[in-house]
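J.: Residues per chain are reported as follows:
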Amino acid sequence: MMSAGNRAVVDELALRHLDAAYNLGRWLLGSEQDAADAVHDAYLRAARAADTYAGGNARAWWLAIVRNCCLARLAVRNKEKKNVAIDGNPVAAERWMPRAEADEVEERVDSSRRRELIAVHLGNLPEIFREVLILREMEELSYREIADVLETPIGTVMSRLARGRALLQKALTDDGAMEAPHGL
Amino acid sequence: MDCKTASELLPLYFDGELDRATSREFEAHLDECATCQAALIQLDALRRSLRNDVPRYSAPESLRARIGKSAAGEASVMRPQPRPRVSRPWLALAASWILAFVAGGVTLSAWNQGSAPAKEESQLHRDLFASHWRALAAASPIDVVSTDQHTVKPWFAGKVAISPVVQDFADQGYALIGGRIDYAGRERVPVLVYRHGKHLIDVFVLPWKAGAESRDAVEAEGYVLETASLGGQAVAIVSDMDRGELTRFRDLLNAAGPSR
Chain R
1204 MMSAGNRAVV
1214 DELALRHLDA
1224 AYNLGRWLLG
1234 SEQDAADAVH
1244 DAYLRAARAA
1254 DTYAGGNARA
1264 WWLAIVRNCC
1274 LARLAVRNKE
1284 KKNVAIDGNP
1294 VAAERWMPRA
1304 EADEVEERVD
1314 SSRRRELIAV
1324 HLGNLPEIFR
1334 EVLILREMEE
1344 LSYREIADVL
1354 ETPIGTVMSR
1364 LARGRALLQK
1374 ALTDDGAMEA
1384 PHGL
Chain D
297 MDCKTASELL
307 PLYFDGELDR
317 ATSREFEAHL
327 DECATCQAAL
337 IQLDALRRSL
347 RNDVPRYSAP
357 ESLRARIGKS
367 AAGEASVMRP
377 QPRPRVSRPW
387 LALAASWILA
397 FVAGGVTLSA
407 WNQGSAPAKE
417 ESQLHRDLFA
427 SHWRALAAAS
437 PIDVVSTDQH
447 TVKPWFAGKV
457 AISPVVQDFA
467 DQGYALIGGR
477 IDYAGRERVP
487 VLVYRHGKHL
497 IDVFVLPWKA
507 GAESRDAVEA
517 EGYVLETASL
527 GGQAVAIVSD
537 MDRGELTRFR
547 DLLNAAGPSR
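Those protein sequence lines, which keep their order, are chains R and D. Just so you know, we're using the numbering used here here: the first sequence kicks off at 1204 and counts up by one. Just so you know, we're using the numbering used here here: the second sequence kicks off at 297 and counts up by one.
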């Protein structure tokens, strides 16, 4: 039995955080159509589960459902097989610029290429790192909220976030899209 | 704080997940450490890249319409309800009060008697309410978590000039849950944190002796500030308990023994 009140809450929630949901899906699935379908699945699932919502952070609850729907699609896709990586390919990125030596302050890739590179590298990160970066840096969720979305302990969130940042940082530095971290 | 500890705390600081006292310790280290400064700048550059250079995709209108349509179908007969946004209601309240406060929406009825000029005093009240609300909204309102008065009291030693009387009133329904250091004006003061049912109580130990005269409580947005004497020291109690519970707690503090 669904109570009218809870259902209205879910509707409002889904619409209010629709961009967050779609952005997460788009980055996880790499396709507009798949992302839209996954979010729609998530909405139907959330509406059915409205009564099981047990309190806690509502946005995290909603994004957790969205993420599960995305992962389900990825699993199907992986089974159907051998679709290669999601966005672009790493080789394209590697063609860019060997990193120049010390005095390269101005010598960086120009901004539109830089954007391109960052998107490529983010897309190439393993999903477990990509999703924490998106939730933290783009959607600005707290560690607690991210832990609720991923259904993992906060410690895991912290280590994945650290690892994801380091990986992305390294990929960008190697391409000259960013200055080398101090002390590396 | 050594550099190893600081580098472990750095992401937490950057992500706003550190409590305030530790943040301050971290900042003290940061002022002197070029390596940590560089690491922080690096994190910030990456964040700015991800926010500015990478698309945050917006949901297409077709998706919004699809969901809006099924929602409208069901919802037309429904009454919208308040959203269950946050699990701890006092946290949501605290956050909104801080906003109201910052926007200047809070008015405090000033204490009308007393030695300090009324203006300074109401500024102090404002600070204490703000501290309480900030603490409620922080990841943890407590820097040292302990129900043991013998842990809480020494924790303050060396951190603040005042050594407060620390006593647990769990038997009377007001359990000591820890302490933190906060500001009253420019002074760093100990704050004892108690819990009564769902209410969190801050006891700010003020850097002067308690006066003889009793004062009226001050109220702001459902929170009450009341003064008491704790082992002779003036304290300000801030909480959202009702007046009766607050008075009972105040009397307990007033009766508490001298520093032990």
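Don't take every hint at face value.
Which residues of chain D face chain R? A partial, calculated answer using Cβ under 8 Å [to be verified]:
| hint | residue |
| --- | --- |
| 1 | Leu339 |
| 2 | Arg352 |
| 3 | Tyr353 |
| 4 | Ala513 |
Quick partial rundown of chain R residues pointing at chain D, CB under 7 Å, derived from the structure [said to hold, decoys possible]:
| hint | residue |
| --- | --- |
| 5 | Arg1229 |
| 6 | Gln1372 |
| 7 | Thr1376 |
Since the hints were made in silico from the structure, they are not lab data. Bear in mind the structure is a predicted one, so any value in this text is a computation, not a measurement. Idealized CB from N, CA, C, for every residue including glycine.
J.: Please go over all the hints and tell whether each is borne out by the structure.
T.: Taking the hints in turn, this is what the structure says about them:
1. Leu339: At 7 Å from the nearest chain R Cβ, Leu339 (chain D) passes the 8 Å test, so the hint holds.
2. Arg352: holds, 5 Å
3. Tyr353: holds, 4 Å
4. Ala513: violated, 32 Å
5. Arg1229: Because about 4 Å separates Arg1229 (chain R) from the closest Cβ in chain D, which is inside the 7 Å limit, the hint holds.
6. Gln1372: holds, 6 Å
7. Thr1376: Thr1376 (chain R) check fails; min Cβ-Cβ to chain D is 10 Å, beyond 7 Å.
Of the numbered hints listed earlier, those contradicted by the structure are 4, 7.
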